[in-house]
Amino acid sequence: GIALSAADSSVCGSPLVSSRIVGGTDSLDGEWPWQVALTDDELEGEYLCGGSLISQEWVMTAAHCIHHPIQESNYKVYLGMYKLGVTSPHTVVATVRNIIVNSHFTSDGDSGDIALVQLATPVTYTQYIMPICLPSSTSTFLSGTECWVTGWGTRYSGGESM
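Here the sequence shown is numbered in the UniProt record's numbering, starting from 1 and rising by one per residue.
Some clues are possibly wrong.
To be verified - No more than 16 Å apart at the CA atoms, straight line, and that leaves these computed lysine to aspartate or glutamate pairs for EDC-like:
hint	residue 1	residue 2
1	K76	E31
2	K83	E46
3	K83	E31
4	K76	E57
5	K76	E44
6	K83	D26
7	K83	E44
8	K76	E42
9	K76	D41
10	K76	D40
Unchecked claim - What follows is a list of derived Cβ distance ranges for each label pair:
hint	residue 1	residue 2	range
11	G112	C147	17 to 27 Å
12	T145	H67	25 to 35 Å
13	L142	T91	34 to 44 Å
14	L142	G45	34 to 44 Å
Simulated from the structure, these hints should not be mistaken for laboratory data.
Keep in mind the model is a prediction, meaning the values are calculated, not measured.
Yeah, the Cβ is synthetic: ideal placement off N, Cα and C, and Gly gets one too.
Generate coordinates for the entire structure from the input sequences, incorporating the hints supplied.
Right, dumping it as structure tokens:
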């Protein structure tokens with residue numbers, strides 16, 4: 001296994017400023033500072049998937065987003081963006097050191113669709129780049145518990161990514 005140090009709980013999860021999820025609203029700059037965009041040079045740098053910053057050097061994403069054989073040098077992680085494809089002075093583009101795909105992942109989508117991406121260099125937290133809080137392994141969530149989902153999806157089925 002791999003040991004990860006949890007994000008500092010004093011800063012995580014605190015924004016300072018079909019089978020798919022469709023709909024939602026545009027966010028504001030800095031509203032979801034843990035949201036990242038993952039790109040793959042094999043796709044000519046096109047947006048591949050979203051992810052969540054979980055510490056200064058680790059991003060959690062979906063295993064189905066990682067192409068095999070894994071070539072870390074093909075991936076880039078965009079942090080501090082709030083609109084896909086639009087960079088700003090506070091956007092950081094990070095290279096990737098390591099990618100770990102859940103060994104129990106099955107491509108049929110039934111289980112284990114998670115991967116960890118290690119950044120080549122730890123990022124510095126800013127008001128636009130912060131980690132998300134992860135629940136403890138003993139946390140339970142009752143049916144009906146409200147939550148937020150972030151990402152660059154579409155507002156309607158068949159629409160372009162935002």
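Hints, one by one, checked against the model:
no. : hint                      : in the structure
1   : K76 <-> E31               : violated (22 Å)
2   : K83 <-> E46               : holds (14 Å)
3   : K83 <-> E31               : holds (11 Å)
4   : K76 <-> E57               : holds (13 Å)
5   : K76 <-> E44               : holds (11 Å)
6   : K83 <-> D26               : holds (8 Å)
7   : K83 <-> E44               : violated (19 Å)
8   : K76 <-> E42               : holds (11 Å)
9   : K76 <-> D41               : holds (8 Å)
10  : K76 <-> D40               : holds (7 Å)
11  : G112 <-> C147: 17 to 27 Å : holds (21 Å)
12  : T145 <-> H67: 25 to 35 Å  : holds (34 Å)
13  : L142 <-> T91: 34 to 44 Å  : holds (37 Å)
14  : L142 <-> G45: 34 to 44 Å  : holds (42 Å)
Violated hints, in rising order: 1 and 7; the structure is consistent with all others.
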